[in-house]
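S.K.: Sequence:
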Amino acid sequence: MWLLVGRGSRTMTCFHLAQSLFLASASHSSYTFISKPFHSFNNHLPQLSSVFLHPIANSATFAFCSKPGRELRTVSPKSMSNPDSISYLTQRQAAEIDETLMGPLGFSVDQLMELAGLSVAAAIAEVYKLSEHNRVLAICGPGNNGGDGLVAARHLHHFGYKPVICYPKRTPKPLYDGLVTQLESLSVPFISVEDLPLDLSEDFDIIVPQDLLLMVWFKCLFLYGIMMEHVKKTPAIVSVDIPSGWHVEEGDIGGEGIKPDMLVSLTAPKLCAKQFSGPHHFLGGRFVPPLIAEKYKLHLPSYSGTSMCVRIGKPPKIDVSALRENYISPEFLEEDVESDPINQFRKWFEEAVGAGLKEPNAMALSTAGKNGKVSSRMVLLKGFDENGFVWFTNYESRKAHELSENPHASLLFYWDGLNRQVRVEGSVQKVSEEESEQYFHSRPRGSQIGAIVSKQSTVVPGRNVLYELYKDLEEKYSDGSVIPKPKYWGGYRLKPELFEFWQGQKSRLHDRLSYSPEETNGGRVWKIERLAP
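For the sequence shown, UniProt numbering gives the first residue as 1, with consecutive numbering after it.
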């Protein structure tokens, strides 16, 4: 068992009752956060005899950290890179780059801090799924590093996480006062060291430590909890740029530093990052201009799209059978749905668009020929109304041949961000030539040429053949003349005969409501039934 009893001018003392007891030294005498004992910690203290006291090096304080092998969300990387091919900065280079950014290149401290904090929040959101790891403790020290943590906490709040800030030694400057005010205006709670729980894992899923001595304190509490069997699991540790206790270049000298699960390097990885052995290493701070990249011969992974972070190295190996999602969604009840499934689909589709989901009109189209073998592929919905769902394709493709033999199909929409699926089954027929012609000429000219070039589903000797055909046609129609729609290209319309709306729920008790047509009083109405998940 551990007891953090006091603080000398340069020493914190911990007592251990087991095989031996340890003394951990801390060199930062300016902190006073252990001037009085934890009330939650103090309540569980045993009576100890001084005969058990025995000092050792301060590595004992850092002996306990997050356990490897934690079940985490593993994501498809935005851009995977070989860590050995990436540039790493020395301490001097990192300082020079900061000076250049904030000097001739015109960046201000608050701009860089904002980009850094956003990158950290984005990296956390990439790996730690909101439904499983939403409670975040940001341990913020003084200065810029603490500012990064405050900014990250604000963005995590907007992402839907529940951050809590421990910020005992605040920097008395307007920039940091403003960051605190922003968080307070969002009702993000601040917690004192004294009020931290004994077992942090009971209240937090993720810890972002940016203060070395606070982490010493946390580790003493954590070890005490282990000995007392209070701690059932360990929170994920996320370090920013340089893990607490690490040297910028030499890394974790003597094994005394934090062992984080995630490291978010900023600008470019520092030399110490070569020692990082955790499962998740990301690069953030998307603000390196070509001038700096060329001067320091930086080789960095490219960011994808609008992403503010990029993974370095391969994601960890995972147990596929252990991948699962415990959905959290509002209830989907019969009394709340539209009586017409087209109207219900329109409502959900508009919500998917409003949520900013990528390609909400993407749908899996499943078809089968006369042999009964089913094939599926993703296509894009291009229109829907009471007459059905429309998409366009090559009439000589595999799906077209199967539809000519069996004019029935199934559509599946999956909107991950909303925990929703919609399945639609029905008969299929071609749209009119006029409708196909109108849509074809509404497409970008490049897409029109691509439709002519691609003899869909046929074998081609190489990609270069497609490029050559494309270039020939691009030159042919470079005068802006009308590109004729090929006869083998057009649209299909699926006329719905069955709908199923699916909403993910906890413990696999999902909501499933089906719509099927039935005749009532000489008219056609939709019957709504709940299906077992």
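Hints are not guaranteed to be accurate.
Unchecked claim - Straight line, CA to CA, 25 Å or less: simulated PhoX-like cross-link-like pairs of lysine-lysine:
(1) Lys382 <-> Lys259
(2) Lys382 <-> Lys314
(3) Lys430 <-> Lys487
(4) Lys455 <-> Lys370
(5) Lys506 <-> Lys129
(6) Lys455 <-> Lys506
(7) Lys527 <-> Lys485
(8) Lys495 <-> Lys430
(9) Lys274 <-> Lys317
(10) Lys347 <-> Lys373
(11) Lys259 <-> Lys173
(12) Lys259 <-> Lys162
(13) Lys259 <-> Lys274
(14) Lys527 <-> Lys370
(15) Lys430 <-> Lys370
(16) Lys487 <-> Lys382
(17) Lys259 <-> Lys317
(18) Lys495 <-> Lys347
(19) Lys129 <-> Lys259
(20) Lys382 <-> Lys129
(21) Lys358 <-> Lys382
(22) Lys487 <-> Lys471
(23) Lys274 <-> Lys297
(24) Lys297 <-> Lys373
(25) Lys506 <-> Lys430
(26) Lys373 <-> Lys358
(27) Lys347 <-> Lys162
(28) Lys485 <-> Lys129
(29) Lys382 <-> Lys455
(30) Lys471 <-> Lys430
(31) Lys317 <-> Lys297
(32) Lys495 <-> Lys471
(33) Lys506 <-> Lys162
(34) Lys506 <-> Lys373
(35) Lys347 <-> Lys506
(36) Lys455 <-> Lys471
(37) Lys382 <-> Lys495
(38) Lys129 <-> Lys173
(39) Lys169 <-> Lys259
(40) Lys274 <-> Lys295
The set of hints was computed from the structure by calculation and includes no laboratory data.
S.K.: All hints are to be evaluated individually against the structure, with a verdict given for each.
M.R.: Do the hints match the structure? See the list:
The suggested pairing of Lys382 with Lys259 is violated, with an alpha-carbon distance near 50 Å, which exceeds 25 Å. Distance hint between Lys382 and Lys314 is unfulfilled; the C-alpha atoms sit about 37 Å from each other, more than 25 Å. The straight-line distance between the Cα atoms of Lys430 and Lys487 is roughly 13 Å, inside the 25 Å bound, and the hint therefore holds. For the hint pairing Lys455 with Lys370, the CA-to-CA distance comes to about 23 Å; that is within 25 Å, so the pair holds.
In summary, the hint linking Lys506 to Lys129 is supported, as the alpha carbons are separated by about 15 Å, within the 25 Å threshold. Restraint check for Lys455 and Lys506: the C-alpha separation of about 46 Å exceeds 25 Å, so the hint is violated. As the CA atoms of Lys527 and Lys485 are separated by approximately 41 Å, the hinted pair breaks the 25 Å bound. Of the supplied pair hints, the one linking Lys495 and Lys430 holds, its CA atoms being roughly 11 Å apart against a limit of 25 Å.
Restraint check for Lys274 and Lys317: satisfied, since their Cα atoms lie roughly 20 Å apart, inside the 25 Å limit. The straight-line distance between the Cα atoms of Lys347 and Lys373 is roughly 34 Å, outside the 25 Å bound, and the hint therefore fails. With a C-alpha separation of about 31 Å, the suggested pair Lys259 and Lys173 falls outside the 25 Å cut-off, and the hint is violated. The hinted pair formed by Lys259 and Lys162 meets the criterion: a straight-line CA distance of about 23 Å does not exceed 25 Å.
The straight-line distance between the Cα atoms of Lys259 and Lys274 is roughly 13 Å, inside the 25 Å bound, and the hint therefore holds. Restraint check for Lys527 and Lys370: not satisfied, since their Cα atoms lie roughly 30 Å apart, outside the 25 Å limit. Restraint check: the Cα-Cα separation between Lys430 and Lys370 comes to about 19 Å, which is no more than 25 Å; the hinted pair holds. Our distance criterion of 25 Å between C-alpha atoms is met by Lys487 and Lys382, whose separation comes to about 19 Å.
Distance hint between Lys259 and Lys317 is fulfilled; the C-alpha atoms sit about 19 Å from each other, no more than 25 Å. A hinted pair counts as satisfied when its Cα atoms are at most 25 Å apart, and Lys495 with Lys347 qualifies at roughly 19 Å. Between Lys129 and Lys259 the CA atoms are separated by roughly 21 Å; this keeps the pair inside 25 Å, and the hint holds. Distance check on the hinted pair: Lys382 and Lys129 sit about 32 Å apart at the alpha-carbon level, beyond 25 Å; violated.
Among the hinted pairs, Lys358 with Lys382 is consistent with the structure: their alpha-carbon atoms are about 15 Å apart, no more than 25 Å. Among the hinted pairs, Lys487 with Lys471 is consistent with the structure: their alpha-carbon atoms are about 21 Å apart, no more than 25 Å. A distance of roughly 18 Å separates the Cα atoms of Lys274 and Lys297; the hinted pair therefore holds under the 25 Å criterion. For the proposed pair Lys297 and Lys373, the alpha carbon gap of about 54 Å is over 25 Å, so the pair is violated.
Pair hint Lys506 plus Lys430 does not hold up; C-alpha atoms about 41 Å apart against a cutoff of 25 Å. At roughly 30 Å between alpha-carbon atoms, Lys373 and Lys358 are farther apart than 25 Å, so this suggested pair is violated. For the hint pairing Lys347 with Lys162, the CA-to-CA distance comes to about 29 Å; that exceeds 25 Å, so the pair is violated. Pair hint Lys485 plus Lys129 does not hold up; C-alpha atoms about 46 Å apart against a cutoff of 25 Å.
In summary, the hint linking Lys382 to Lys455 is supported, as the alpha carbons are separated by about 21 Å, within the 25 Å threshold. Of the supplied pair hints, the one linking Lys471 and Lys430 is violated, its CA atoms being roughly 31 Å apart against a limit of 25 Å. A hinted pair counts as satisfied when its Cα atoms are at most 25 Å apart, and Lys317 with Lys297 does not qualify at roughly 32 Å. Distance check on the hinted pair: Lys495 and Lys471 sit about 38 Å apart at the alpha-carbon level, beyond 25 Å; violated.
With a C-alpha separation of about 20 Å, the suggested pair Lys506 and Lys162 falls inside the 25 Å cut-off, and the hint holds. For the hint linking Lys506 to Lys373, the alpha-carbon distance of about 34 Å lies beyond 25 Å, and the restraint is violated. Our distance criterion of 25 Å between C-alpha atoms is met by Lys347 and Lys506, whose separation comes to about 23 Å. Between Lys455 and Lys471 the alpha-carbon distance is near 16 Å, which keeps this suggested pair within the 25 Å criterion.
Proximity of Lys382 to Lys495 is assessed by CA-CA distance (about 14 Å); at most 25 Å being required, the pair is judged to hold. A C-alpha spacing of about 34 Å is found between Lys129 and Lys173, which places the hinted pair above 25 Å, so the restraint is violated. Annotation: proposed proximity of Lys169 to Lys259 holds, straight-line Cα distance about 24 Å (limit 25 Å). Of the pairs offered as hints, the one joining Lys274 and Lys295 holds, with about 22 Å between alpha carbons and a cut-off of 25 Å not exceeded.
Checked against the numbered hints given earlier, the structure breaks hints 1, 2, 6, 7, 10, 11, 14, 20, 24, 25, 26, 27, 28, 30, 31, 32, 34 and 38 and satisfies all the rest.
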